[in-house]
Amino acid sequence: MRRHLQFGIKQVHSSYLDGRLSPHLVTEQAVKDALSLRTLNAFIRLTPELALLQAKESEERFQEKQPKSELDGIPIAVKDNFCTANVPTTCASRMLQDFVPPYNATVVSRLRQAGTVLLGKTNLDQFAMGAGTVDSIYGPTKNIWSEDLSKDKWRIAGGSSGGSASAVAAGLCYAAIGSDTGGSTRNPASYCGVVGLKPTYGLVSRHGLIPLVNSMDVPGIFARSVNDCVKVLNVIAGPDSKDSTTIRQPFRKLQLPEVDQINLRSISIGIPKEYHCLGLSPEVLATWTKIADILECAGAKVEQVSLPHTAASIFVYSILNQCEVASNMARYDGIEYGHRALDERSTEQLYATTRAEGFNQVVKTRILTGNFLLLRKNYQKYFEKALRVRRLIAEDFSKVFETNNQAVDILLTPTTLTEAPLFRDFSALSNRDQCAVQDFCTQPANMAGIPAVSIPVRLSQNGLPLSLQLMSKSLNEQLLLTVARWIEAQVSFECLESGQLQAAEQ
Amino acid sequence: MRNYLTIRRLATKPILAQEPFRKWKSVVGLEVHAQIASTSKLFSGSGTSFGAPLNTSVAPFDASIPGTLPVLNRKCVESGIKTALALGCQVNEVSMFDRKHYFYADLPNGYQITQQRAALANNGLMTFPVITPGQKLYYKSVKLLQLQLEQDSGKSLHDDHLKRSLVDLNRAGLPLMELVFAPDLETGEEAASLVKELMLILRRLQTCSCKMEEGALRVDANISINQEGDPLGVRTEVKNIGSVRSISQAITFEINRQLDIVSKGGRITNETRSWDAEKRCTVAMRDKEVLQDYRFMPEPNLPPLHLNLKPGSRSTSELLSVAELSEEIPELPEHTRQRLVEFNKLNAETAIILVNEPILLEHFMYISKSLKNLPTKIITNFLINDLLTYCNKLNLNLDDCTISSANLSDILNCLHLEEINLQAARQLIDLLHKNPNESVANLIDQHKLQQISNVHEIETFCRQAIANQPKAVQQYKKGKAKALFAIVGEVAKISEQKANMKIVVDCLENLLKTTAQK
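So the protein lines, in turn, are chains Z and P.
Residue 1 is where the first sequence starts when you use the UniProt record's numbering, and the numbers rise one by one after that.
Residue 1 is where the second sequence starts when you use the UniProt record's numbering, and the numbers rise one by one after that.
Errors might be hidden in some of the hints.
On the chain P side, residues computed to face chain Z include the following (Cβ under 8 Å) [stated by the list, open to error]:
| id | residue |
| --- | --- |
| 1 | Ser64 |
| 2 | Ile65 |
| 3 | Ala105 |
| 4 | Val167 |
| 5 | Gly242 |
Calculated cross-link-like contacts (lysine to aspartate or glutamate; reagent style EDC-like; alpha-carbon spacing at most 16 Å) [said to hold, decoys possible]:
| id | chain 1 | residue 1 | chain 2 | residue 2 |
| --- | --- | --- | --- | --- |
| 6 | P | Lys163 | Z | Glu344 |
| 7 | P | Lys502 | P | Glu459 |
| 8 | P | Lys498 | P | Glu418 |
| 9 | P | Lys143 | P | Glu186 |
| 10 | P | Lys163 | Z | Glu348 |
| 11 | P | Lys163 | Z | Asp343 |
| 12 | P | Lys498 | P | Asp445 |
| 13 | Z | Lys290 | Z | Glu303 |
| 14 | Z | Lys377 | P | Asp293 |
| 15 | P | Lys310 | P | Glu324 |
| 16 | P | Lys23 | P | Glu228 |
| 17 | P | Lys434 | P | Glu459 |
Among the chain P residues that face chain Z by a calculated CB cut under 8 Å, a handful are [as the list claims (entries may be wrong)]:
| id | residue |
| --- | --- |
| 18 | Pro60 |
| 19 | Pro66 |
| 20 | Leu69 |
| 21 | His101 |
| 22 | Asn109 |
| 23 | Arg295 |
| 24 | Pro300 |
| 25 | Asn301 |
| 26 | Leu302 |
| 27 | Pro303 |
In case anyone wonders, no lab produced these hints; they're calculated from the structure.
Backbone N, C-alpha and C fix where the C-beta goes; we use that ideal spot for every residue, glycine too.
The shape of chain Z in the complex, shown without the other chains (with noise of 0.2 Å):
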């Protein structure tokens, strides 16, 4: 009854093209279970009619044997910073409670040309600022695989992305898109014990995305499978004209090699030291350990590696994300768009109450930092040395992937420092001490700009995923999904029991 949530795309389009499965079908029971999971709160709009319109048309290109490619018909999720025509875009914030948008972000326009289907738009992080998914308006998103779902023992989804990851891992849809602007794809995929893709910058267009930090934010997406992930990479990716920082050259779509056909004998490992770090649970650095050594048994070199400014790296994150933040909110004025309070007495009185009534706590404490750090006398002292540093810690890898004698090809290293955390003890820290722990391991490829990936590997004794990031150089989406399709396939992670998830319909 519920065979379709186990395939992968592949499968899902060889039944559309065979007749035995219709995208009308697939959507009618991914909106069935979006309704049934509710409790996991993955979506702030599912978009129910919309999806089971765009399925019909689905399904008449397949009758008519001319589907649009192989994604069409799946249904997909969108975060809701990603910019959807007439279907309201939040950023689960009240600023933009009531924002519909005139136009589709780049990423949705070209899976809807694709044909596939948009079941809703994802729970995240008020504006993306969190690694929780705890700070939305519309309610914290709970992860599949908590033990109990009830009361306070549950566990998060990760964050910012971490609606998109819940459906996804709870196999709602069979891909979704997110944001990783410090790790907002990669931590919550890491939780969720789903495939989590940080492509290289510039290599996706971020028109449309409602923007975090500009410099470092890239569409993230999430799948189930590394061979989906790419399916959607291939979609989703190359120039846009839309967006000045996309990568000029022409993209050409990833093709991986079938698993017994990939040779790891030349290819090149490091394990960097500086992420065996404060706060690395046992089990994640067994975890680690475990598949470092069946990367070296299986021929490929593997060796430790040192990228000195790791520690620097967070910091410079928080003043770089907290100064284009500050800028970046500067246009939520309720004067166009968005919230606008009563409070007409002056035009500055206007601003300062939509502003004090449409940003939580988070976003106003950054929009705070970041003005104080952008002031005139304060410049140099903060955002133009974190630029310094930044360029340090971006050389650091390209000296360990293109230093000549010991280049690496690929580096392997944790998502997460553990598993999903219960709410209540996550809850307990302060947003700023969250983030400084969450995104240790991903935001660095973020400031240098390189493509990642986090993969599930296997689960912990409490039964939750854990997961491993791969790393490589700008570009190298080719060599980086397919070391994660190898060890993907030898882990083959435990895919979510029915039991687990009839528990959680209850």
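Mind docking chain P on chain Z? Use the hints.
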């Protein structure tokens, strides 16, 4: 005793005044915002036509709709480069965009995208003629410190009656070139002359319409005074200068205001003042920008702008060639003036007037080519003294005067061949303006404007005039030569302004001589 003290006090005064008198100098610097003539905005595809219905030329980016990104308009960069080259700037191989933050209702993003750290071009120099009434013509040079690209803001409309503010975003995101000049000027006239020359150059390049009345060119002036040998004084900024004439008036007013304050022992405060064209004075603006911190930050959504500076290079879809653009620069006004002086033998003042009025210049070039034998002085006199005066009298813009160069050439030809006189030529200007499709020959026929040069006819007129003006004849005969004008005027009246005056004067002199001999 009391009286004595008073006297003593007064007596100390001259001692204070013994400080050597040092002359006050005024220092003026200009910042010009020129809207780049372009069909779409600097970072979005929306239109730019002036006077479009409110809020109709607004792309999502212009309204700061979240998720939209700026895309740099190539045409605007080309215009910026051409302008920079024409103003002798060094165009930078790499320039960058920055965000300048401030909250204002007509600034949708909460920041303006501009070029603060690395502008498109720097280090230009403008040399231009200055004509001050009653003074000799001289040339002045001013350094252009920086030319940068930036976006315009929207417009706020305040409804005092309803106590509401409304915002029009048609202007938001229009492309601007900001030109920052060094404070190398001294007077209002120099500033006005600089702007006039700049307008001529921008119009030739077609990079700006320069219509100040539409806000396409906006001038802010920084003004200070100091005594010779002292460092520059505290400056004030004057905004809202709406016309070329106002530039000179506003700056002159501001210099005098500052001199007045200082002479009374006061101090100048650093402030922004607005020019009130009706009351002809500058007024302090309410929102002083003294404490603004713009929190500049690099614009992360626009990669640095790279240009190809190699000589002989060509533009590609990715990279603009400065060398290629330099080939598109037309002859500049100063070059035209030199050509007029050297080749057409005009004097400098006349050359300036012609270059200031492109239509006159066009007429001049046409006529001097078609009537090669006519002295250029006659052509310029006719164009400046007759055509321009005619237009000024009717309050008519030269652009709106539809008389063709060919028609003007025909008039001058007839005048030169003495087929008509100057009086008729002036009348023809009026007739042609009202009947643009008529030929000069037809109009002369229709209105019987032919000059009468027949000696017998003229003698008849002269005799009658002498009869009509006995008093003048008497005075003339007593030796008052000027009295002849009255008799000549009488001939003009009798002949309905058609008599050839050269012959009339000869004839009258002869007649009066002969009658005197009798």
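Consistency of the hints with the structure:
1. Ser64: holds (4 Å)
2. Ile65: holds (7 Å)
3. Ala105: With a closest approach of 5 Å, the Ala105/P hint holds.
4. Val167: holds (7 Å)
5. Gly242: violated (25 Å)
6. Lys163/P <-> Glu344/Z: This hinted pair holds, its Cα atoms lying about 10 Å apart.
7. Lys502/P <-> Glu459/P: Distance ~13 Å between Lys502/P and Glu459/P Cα, so the pair holds.
8. Lys498/P <-> Glu418/P: holds (11 Å)
9. Lys143/P <-> Glu186/P: Roughly 14 Å separates the two Cα atoms, so the pair holds.
10. Lys163/P <-> Glu348/Z: holds (15 Å)
11. Lys163/P <-> Asp343/Z: holds (14 Å)
12. Lys498/P <-> Asp445/P: holds (13 Å)
13. Lys290/Z <-> Glu303/Z: holds (14 Å)
14. Lys377/Z <-> Asp293/P: Given that 16 Å is the threshold and the Cα spacing comes to 10 Å, the pair holds.
15. Lys310/P <-> Glu324/P: holds (10 Å)
16. Lys23/P <-> Glu228/P: holds (6 Å)
17. Lys434/P <-> Glu459/P: violated (35 Å)
18. Pro60: holds (6 Å)
19. Pro66: Status holds, d = 4 Å.
20. Leu69: holds (5 Å)
21. His101: Hint on His101/P: holds, closest Cβ of chain Z at ~6 Å, below 8 Å.
22. Asn109: holds (5 Å)
23. Arg295: Where the cut-off is 8 Å and the nearest Cβ of chain Z is about 4 Å from Arg295/P, the hint holds.
24. Pro300: holds (4 Å)
25. Asn301: holds (5 Å)
26. Leu302: With a closest approach of 6 Å, the Leu302/P hint holds.
27. Pro303: holds (6 Å)
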